[in-house]
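J.: Chains as they are written, first to last, in the working numbering: chain Y, 42 to 386; chain S, 42 to 386; chain G, 42 to 386; chain Z, 42 to 386.
The set of hints was computed from the structure by calculation and includes no laboratory data.
Just so you know, nobody snuck in bad clues.
In this list, chains with the same sequence are indistinguishable; a pair is considered to hold if it fits within one copy or across any two.
No farther apart than 25 Å at their CA atoms in a straight line, the calculated lysine to any residue pairs in the SDA-like style are these: (1) Lys-295 with Asp-208; (2) Lys-72 with Glu-331; (3) Lys-72 with Ala-88; (4) Lys-246 with Gly-184.
Protein chains: 4
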Amino acid sequence: MKSPVRICMIGAGRVGKNHTRAICHHIPGGKVVALVDPMTEVRQETALEFGIENQYDTLEIALENVEFEAVVITTPTPTHLPLAALAAQNKKHVFLEKPMALNLLECDAIIKVAGHYGVLLQLGFMRRFDPEFVAAAQRIEAGEIGQPMMIKSNTHGPGLPPPWARDLRTSNGMLAEVNSHDWDTTRWLMGSNIKRVYTEVANFKGAANNVNVPHFYDNVLVNLKFESGGLGLISGVCPCGYGYDARAEIIGDKGIMQIGELKGQSVVVCTNRDQGLITPIFRTWPERFEWAYINELEHFVTCIQDEKPPRAGGVEGRFAVAGVLAGTKSFLEERPVYLKEILGE
Amino acid sequence: MKSPVRICMIGAGRVGKNHTRAICHHIPGGKVVALVDPMTEVRQETALEFGIENQYDTLEIALENVEFEAVVITTPTPTHLPLAALAAQNKKHVFLEKPMALNLLECDAIIKVAGHYGVLLQLGFMRRFDPEFVAAAQRIEAGEIGQPMMIKSNTHGPGLPPPWARDLRTSNGMLAEVNSHDWDTTRWLMGSNIKRVYTEVANFKGAANNVNVPHFYDNVLVNLKFESGGLGLISGVCPCGYGYDARAEIIGDKGIMQIGELKGQSVVVCTNRDQGLITPIFRTWPERFEWAYINELEHFVTCIQDEKPPRAGGVEGRFAVAGVLAGTKSFLEERPVYLKEILGE
Amino acid sequence: MKSPVRICMIGAGRVGKNHTRAICHHIPGGKVVALVDPMTEVRQETALEFGIENQYDTLEIALENVEFEAVVITTPTPTHLPLAALAAQNKKHVFLEKPMALNLLECDAIIKVAGHYGVLLQLGFMRRFDPEFVAAAQRIEAGEIGQPMMIKSNTHGPGLPPPWARDLRTSNGMLAEVNSHDWDTTRWLMGSNIKRVYTEVANFKGAANNVNVPHFYDNVLVNLKFESGGLGLISGVCPCGYGYDARAEIIGDKGIMQIGELKGQSVVVCTNRDQGLITPIFRTWPERFEWAYINELEHFVTCIQDEKPPRAGGVEGRFAVAGVLAGTKSFLEERPVYLKEILGE
Amino acid sequence: MKSPVRICMIGAGRVGKNHTRAICHHIPGGKVVALVDPMTEVRQETALEFGIENQYDTLEIALENVEFEAVVITTPTPTHLPLAALAAQNKKHVFLEKPMALNLLECDAIIKVAGHYGVLLQLGFMRRFDPEFVAAAQRIEAGEIGQPMMIKSNTHGPGLPPPWARDLRTSNGMLAEVNSHDWDTTRWLMGSNIKRVYTEVANFKGAANNVNVPHFYDNVLVNLKFESGGLGLISGVCPCGYGYDARAEIIGDKGIMQIGELKGQSVVVCTNRDQGLITPIFRTWPERFEWAYINELEHFVTCIQDEKPPRAGGVEGRFAVAGVLAGTKSFLEERPVYLKEILGE
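The following block holds chain Y by itself, in its conformation from the complex (with noise of 0.2 Å):
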């Protein structure tokens, strides 16, 4: 048996978290040796919780501090680049939350060092190792629902996100900290890059939740047009209260396919007949991901051991990261956009 890959986490927020619970609780392989992060209070709740003696306010502390072969990096999006490029250049290979980063630029540097230091670079496009996901995206590979035509995306989440995800000069806003995985899911599962995205955006609850930034909104709808021809769409409401919400619908020339449900938990209650039936939804990401983030992280963890490339790298997180800037631009500028005039080609 090989031993566990040691693994500084950095970022000790709600992904953080999550990730360190999957790697201590489920991944034997992993082993979480210390913790990242300036917010003391935080870090040191997810610490105690997860039994992680070892702290540092950041990575270069770490790096004096302790052995590790990797890190995971969960820290808000303008601090990816010097993150993952510090890792590198110590040859520790490096777990990335999406979206990659702020613009191409910072994607190319972050591919470029990887590749300069040798280690491996893995996106956290979770869905990519949802059970659900991946035998959809098998059984489309196979054939079974003939040539991708449509794909309709959504992620539509409980919360209103923190004041730097939702300005788009600190962040892109949505379509990027919540959407980041529709722009890669619907580039994986129709098998073709985007073309042409037009976008239209509303914002209903930004007033009451006291947001004033410039072209904040909360409903995006994504309209996308595929170098293959087919068609699709991505989908954003966030806050949208009701639940997390996470499903994907895809046409083939020979049939439909749909990919997950609202309904999370299969326990089903009435009491009362003029109400209904009750069944739980998923609340949170974590629920119905819960798969995922534990076969990304192992995917990782095994990649590092047997040497290999991960399955989402560096160039799926530029597609998505260019993705977003169109679908940005286009509601701007309220006009199509193209992606070349985004990647330049």
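Fit chains S, G and Z to the given chain Y structure using the hints.
T.: Chains S, G and Z only, in chain Y's frame:
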């Protein structure tokens, strides 16, 4: 186009009103020409709603005053024999609600009088006319799930039955008044007569509902052994409060089939992620079996016009009554009871 | 009881036959007294099936030979104006299938002539009479999901439309012939007019189906921006092969609502664990909207008897045509199109 | 962080492999240090798959050669007592698969020896650790559906059990080997012991499968009467071919609750409208109860580390065996059997 069949409705209560509505609103081939019910208030309300001019206290008076070809009898079980006999003697075709009668002697008398006077006799087993049950039966017949090995059939109803319908002495209780359909459906779908039954009953709500009749029960499970060797279950809960619930599940040696579901209308709502998704349930039997009621009465009308025997007649009604009697004897004597003890064969 | 409304059916094709069946079998308040269609074979087949004695090549001849109060027009779109006008001029109430007409001038002419002669005009927007859509609309209106922010509505049909219905010049294509209902439904459920649309189309099956008309498409996604600020999506796929698929999903600021589902009849079968569960899908539109068709025609008959305006009239038909024209202009010109460009306001 | 619990797996067959996988892949708190099985081939295959170096023919040899704190016993039922006793005498904590034993004397002996040597004893009732069953139990306990009146619980499995497991003399047959969970689950969720049972069995596939042991059955329905007055049903079909099917439905005086469903993965496909929608079913028990198996073994490890008694122990195992014996006696003697006849109280 054939001229409409003139029909005298006997019984203006819930079932009578339901059948009157089906004929008046959705069956151009039938025409309600009279309504009989000794309860003046109920009768006038139903007559008013559907614009029926001829109203009478008794079938005798109706026979003297208005021309018709058929009757639809929806009165309490003890009245079935005298009303069906009088109708038959006057050459009126008979649609008779379930249960057919209180005992086999009455069943035999009804079958005999209808045969003697050459009138059609149809029993109100509307599940045999429900699109889902009909499709299921045809698919089982075609061998889709192989030889039926096991069936589970349930009827759970929301409200407490009227006093006469919960007293064994006047109605044979819930097994007759609520579960008559299950006796017929299980025999129909299994393609076999019942050989032996064992019944357990429970009384959870009687006291709270001030029901003091002997042997009252509001929960029942009947274990069935068919002559084919197959097994079965009939389940009854009434009042159950949560809605109207009638489903069946059949397992053959090649597979499983489920008929019906708890869910009613496909309108799903979620406004609170802690509560979850809410979907309508069937509140009442008219909602669940809307098409079945229309179809069975249309079938009755068409059989009269075409002079053909109806699909569910006296034989089916008699077998269901035999099941009720065996099932009741079983829990009273706390032992399995053979159908031949009842049928005397 | 009111005497039945005498109706002349104009059009004996699939929709005409469907409406004739609804009236003859399930609407005692209406009476089909004549059938008009220049295609002798189709007409005779429909007439024979429903026992209609009076058959004519044209409405003119029918008007000379039989008495009736209303017409039901189900002929191709280009004939709508002349037929509706002739009927109105002869004081016949008009039930007109969707789409209302090819352009707004025709819509205006139909509205004007009906108004001038004082006849009722009802459009065949049967989703407004579907029990699920009706319940959904009432619940949205009652505020159950708050202010509508986003709607997705789709109509995917199994078969290739006839030649005239896939040529933009004779029919406005799929957006008109298949998606007319979505234009009406989204406006109805959002409680707002559409402000701007952007359309992407794809042609995946045209070549294989020998369809060579210019601008043919068999997949379409329309992005909608409503005057309320809300967003919308109309999705069309035809032919899709896999079944008839019409669903809607609305997200309000308080929650989500889903109307309809892929699943048809509740009969689930599994005979092979490697294949999985099999559930019927709706094969065709008459299966999915059986009650909607009965209800809309019953409504038409009742409106005539009670001299009340129908729920879906010329205004609704005109808005749907405007949407079709804007949606078509959008993909032809590859840009977002404002409804005011079409409506000229 | 506590050091991992060292575990010796006893049994390398299907269940043994499943539990080994759960521990090796997803439970960092446990460490498989040895594998015991006299069947060399099966043992080596499992050892190879999970990289287990220490392999032995018997527990005796394992005890002499390797250090461990606990055993997981997944061997055939007749071996449970001797293996559990030997483990306990050597101060090893015992995780024991269901059914606990062949009779109550063996159950009592296991409970006694574990108590005498102060080791923990956990039974493999994994449904008590399934997220859906756990949530359901908590909600019932909290009164959500009121007092439980009726429960239906089924376990249908796809394949023919091995010879020893279908012979009443060596295993107590299907009621023990397949339905053990239902005996435990019904008692747990109803919050009451069983008072009386009545069983019907059928043998539909024995001949085709060349099963000639006396009293073989492949279909069973057990009617339960609880001490609380409630009713219950246990249903077993094995082999059923169509998949692994374990669901429960509980009706309380305030409402109904359904736990689990036939449907597995949420990937729905339709490519043929005449066939309909296809959804995966659970093919096997490891698929259906993946989390339950992980959770129950994690619970075992945690109980050892924290020195706390497991949630499902000897008492639960003994009651399930008593149910099996009463259920078997009932169909052999064709009469209802009281649990006190078995328990001797």
